[in-house]
Each structure stands twice: as structure tokens, then as C-alpha cells.
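Chemist: Listed below are the residues making up each chain.
Protein chains: 2
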Amino acid sequence: MKSKDELITSPRAQGQRAGLDLEQILEAARSFRPEDLSLSALALKLKVDRKALSYYVKDRKSLFQLLAIEAFNGHFSGLGVAEAVDWQSALKAYAETFVSGIISLGAFAEHIWFGDPLTMISLDPVEALFAKLKEAGFSDEDSVRLVTMLSTVCLGHARDILTYRNNKSQSRPIALRGALDKLAATQYENLHRIIELGVNTYSVEQLDFEMEIILNSASRLLAAK
Amino acid sequence: MKSKDELITSPRAQGQRAGLDLEQILEAARSFRPEDLSLSALALKLKVDRKALSYYVKDRKSLFQLLAIEAFNGHFSGLGVAEAVDWQSALKAYAETFVSGIISLGAFAEHIWFGDPLTMISLDPVEALFAKLKEAGFSDEDSVRLVTMLSTVCLGHARDILTYRNNKSQSRPIALRGALDKLAATQYENLHRIIELGVNTYSVEQLDFEMEIILNSASRLLAAK
Chain X
1 MKSKDELITS
11 PRAQGQRAGL
21 DLEQILEAAR
31 SFRPEDLSLS
41 ALALKLKVDR
51 KALSYYVKDR
61 KSLFQLLAIE
71 AFNGHFSGLG
81 VAEAVDWQSA
91 LKAYAETFVS
101 GIISLGAFAE
111 HIWFGDPLTM
121 ISLDPVEALF
131 AKLKEAGFSD
141 EDSVRLVTML
151 STVCLGHARD
161 ILTYRNNKSQ
171 SRPIALRGAL
181 DKLAATQYEN
191 LHRIIELGVN
201 TYSVEQLDFE
211 MEIILNSASR
221 LLAAK
Chain C
1 MKSKDELITS
11 PRAQGQRAGL
21 DLEQILEAAR
31 SFRPEDLSLS
41 ALALKLKVDR
51 KALSYYVKDR
61 KSLFQLLAIE
71 AFNGHFSGLG
81 VAEAVDWQSA
91 LKAYAETFVS
101 GIISLGAFAE
111 HIWFGDPLTM
121 ISLDPVEALF
131 AKLKEAGFSD
141 EDSVRLVTML
151 STVCLGHARD
161 ILTYRNNKSQ
171 SRPIALRGAL
181 DKLAATQYEN
191 LHRIIELGVN
201 TYSVEQLDFE
211 MEIILNSASR
221 LLAAK
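Residue numbers (the numbering used here), protein chains in the order written: chain X, 1 to 225; chain C, 1 to 225.
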């Protein structure tokens, strides 16, 4: 993902069109359903020329990225991480703020996954987390690798929560049951047993499990030093 | 992601248009660059009516998903998992085949992340993995949660490898350096130190690290029983 400055076509300091600024544009954009949002529809709503808009926003994709950055930054603050009493709580606080940040994007979250370095938009939580890990005695290399893994895990979990909300169902077990129903009942005995068990991997228990996996092994990394 | 049957508009057994079948369609589709691929362009190439195509493939999105399934299944076999000597090797074999499966999708991988239960397309590797985990003594709930976590980690790593190939650069450190360069050098001392260290989280060392985190904690889950 590009920085906010790169997404805006011209620096704001160079002069702004009378009666129109980026905040107004984003506010109006947020009132649209994502599927209805285009630069033309937005210009119509703001009662400005399409060209006046493109002075601020290059294209539809940039507009979606700007909306995603705004929404994410509103939720992703470094406060919880900086206030954590130890490195374990710091990692947990980072995960919580990261997941709630992605979830707040709703339909825009889809524009994030391949859009890239999301964590670099807000520097404060990442700086606070690296400070806590160094203080605890982690090597910088282990810290980078841990934070990378944690971000992947959080992004994946947020995706599952959003998918569950959209579909009102758990898509993995539904797909699995659909596949098994087409086959003889004697095949795939492990998958049959698993599907009957009905473990919900779309709820907070899954994130808690994944955090425990990371925290336990991270403790061992520290102890081995 | 829907099953292959759901993506095809009509069951093939009901009758096929003379001179056209799904394999032919997919083979022709694979010769396009993804950005140039549409049902109309495909119909033109196959010298058939657009309607004859829609007998097999509902829309462009379904076509992309079919291509992704075909490519993924070609790489995601259960062999390595079933032949593994212990549960650790089984998890590693699953990760390897999963990552190489996603990477083989190339530009189509983007259609996977929010497209859903990818792992359910090929049942064999998942069945083999659950069998190995049960044999080792894992509870079924722990197995489901472990395999879910592993799939997320593999998908995230495959995305990084593809991003690195596309951009010929590591986008996270580039974005971070860009952000830091705009700020006073005295701010964010931890991030400055981290960026100078230059750890590459886009290479196989990152997946190895993440596998070790998972395997170490999984051993403790077993030992605690």
C-alpha cells in the first residue's frame, strides 16, 4: 500500500479548490456503499466537476485505499502496546488493535491483503512493540520475524471474522461437508470425525489459540539465549 | 471458494456442445495474460459463440476460480504428507506443498485469499495430515486449530513470495524507509535500527522460523497431555 501522500495527486499545500478538501471528499465517499462508489458518482454527490475531484484523488483504486487507510488508522493506535506491562501483553495488545483495525474496514478489507505493507501506515504501534521486545531481550532479527508472523496471523483471522459476518456461516466446514457428501462414507474417516466435532475456527478462541502458540515458542526463544 | 461443480453452470453429463469441453476452455484460457482474459475474448479465440461458453462457465470470476483450482490441485497432493515419518514432517510436507501450490497460481493467487476454503478442494493432503496428528496423540480440536493456523501462515508466506517476484523488491522495508525518511532522525529509534539490520522476511528463512514457532508449541501441547 502506498503512503497517503502518494495517493493524493497534488500536495495540498500547493493550493486547494475553493469549497472542497480531502476530508469532505472522504466523508462523502463513506456515505456510499462500496459497490456504488465511483469518482463520477462522488463528483455528482459533491456537486463538483469530476476534474476538481481528480485534483485530490487519482482514481477509484486510490480512493478505496485512502478510505482504508483512514478507517484503519482510526483503530490502530500505539497506546495499548506502549502501556503493556510486559512483552506478552504488548504482543496481545498489538494483535487486538490490528484485528479490530482490519475488521473496521469491512468491505474495504479486501483491498488490503495484496495491497501491501499495512503495518507501516501507523508507525507508533510498531515502534512501541519493537521497543518492548528489545527490552525483554529478543534479538532484532527474532523480533522482525515474530512481528511479521503475528501480522499474517491477525490478517488471516480478521479475514475469517469478516467472511463469517458476510456469509452468516462458516465457509470451510460447509465446503468440506459438501465435498464429503459426494463420496462414499467409508472414505476420509478423519475428515468425517473432524466435521462432526464442529470446532469453530471463525471466533476469538482461534486467535487466542494462535497467540498462545506464538507466545509459548517466543518464551523458549528468550530462554535459549 | 466454491467447489468445481458449483462453478460450472451445467453438469457435463447433461450433454456437451459439439467440439467444446471444459478442458479445452481452460487450456485456451491459460494462454491469456490474466488482465486480457474475458469470456468474450475467450469465445473469440475458441471461435465459438459467447453463449456456448456460458454453458460451461458462468462468468469471468468463475473462470478465474476454475483456473486457480486447476493450477492448485496440480501441485497440492497428499503424497508427501502421507509418507512423512512423524507428525512434524507431516506438517512440514503439508506447508511445502501448500505454499508451492499457491505460488503456482501466480497472478491468480489474488483470487484465493478472500475466495475461501482452498484447503477443502484437495481432500487427500488434509485427511493424511489429520491422520498423522491423531496418531501422534493430538486432540481433534488442537489438530483443527493447528491446521487452520498453518494454512494462514502458508498463504501469507506465499503472498510475500509472489509480491517479491512481482515487484522485484521487499515492499515492507521500502515503505518503512519511505515513512521514516520524512521524519526527524531522532524519532522511532527502534524502527531505524530494525531497517538498518535488513532482515529479509520474503525468503524461505521466514517460513522456516514460523514453522519452528508452530512445531515447538505443538510439542508442548502434546507433552502437556
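Hint data in this document are derived by calculation from the structure and do not stem from the laboratory.
Bear in mind that the values here come from a model prediction, so they are computed numbers and not experimental data.
Some hints here could point you the wrong way.
Identical chains blur together in the list; that is why a pair holds if it fits in one copy or across any two.
[Stated by the list, open to error] The list that follows gives simulated cross-link-like pairs (lysine to aspartate or glutamate, EDC-like), each with its CA atoms no further than 16 Å apart:
| no. | residue 1 | residue 2 |
| --- | --- | --- |
| 1 | Lys182 | Asp124 |
| 2 | Lys61 | Asp36 |
| 3 | Lys92 | Asp49 |
| 4 | Lys61 | Glu189 |
| 5 | Lys45 | Asp21 |
| 6 | Lys134 | Asp86 |
| 7 | Lys61 | Asp140 |
| 8 | Lys45 | Glu141 |
| 9 | Lys51 | Glu27 |
| 10 | Lys168 | Glu135 |
| 11 | Lys168 | Asp21 |
| 12 | Lys134 | Glu189 |
| 13 | Lys45 | Glu27 |
| 14 | Lys225 | Glu135 |
| 15 | Lys225 | Glu141 |
| 16 | Lys92 | Asp36 |
Chemist: Now tell me if each hint is right for this structure.
Modeler: Evaluation of the provided hints:
no.	hint	result
1	Lys182 / Asp124	between (51 Å within a copy, 15 Å between copies)
2	Lys61 / Asp36	within (13 Å within a copy, 19 Å between copies)
3	Lys92 / Asp49	neither (47 Å within a copy, 56 Å between copies)
4	Lys61 / Glu189	neither (46 Å within a copy, 33 Å between copies)
5	Lys45 / Asp21	within (14 Å within a copy, 48 Å between copies)
6	Lys134 / Asp86	within (11 Å within a copy, 36 Å between copies)
7	Lys61 / Asp140	neither (35 Å within a copy, 43 Å between copies)
8	Lys45 / Glu141	neither (49 Å within a copy, 51 Å between copies)
9	Lys51 / Glu27	neither (18 Å within a copy, 43 Å between copies)
10	Lys168 / Glu135	neither (43 Å within a copy, 34 Å between copies)
11	Lys168 / Asp21	neither (38 Å within a copy, 35 Å between copies)
12	Lys134 / Glu189	between (47 Å within a copy, 12 Å between copies)
13	Lys45 / Glu27	within (11 Å within a copy, 45 Å between copies)
14	Lys225 / Glu135	within (14 Å within a copy, 33 Å between copies)
15	Lys225 / Glu141	within (13 Å within a copy, 33 Å between copies)
16	Lys92 / Asp36	neither (37 Å within a copy, 44 Å between copies)
In this structure, the earlier hints numbered 3, 4, 7, 8, 9, 10, 11 and 16 are contradicted, and the remaining ones agree with it.
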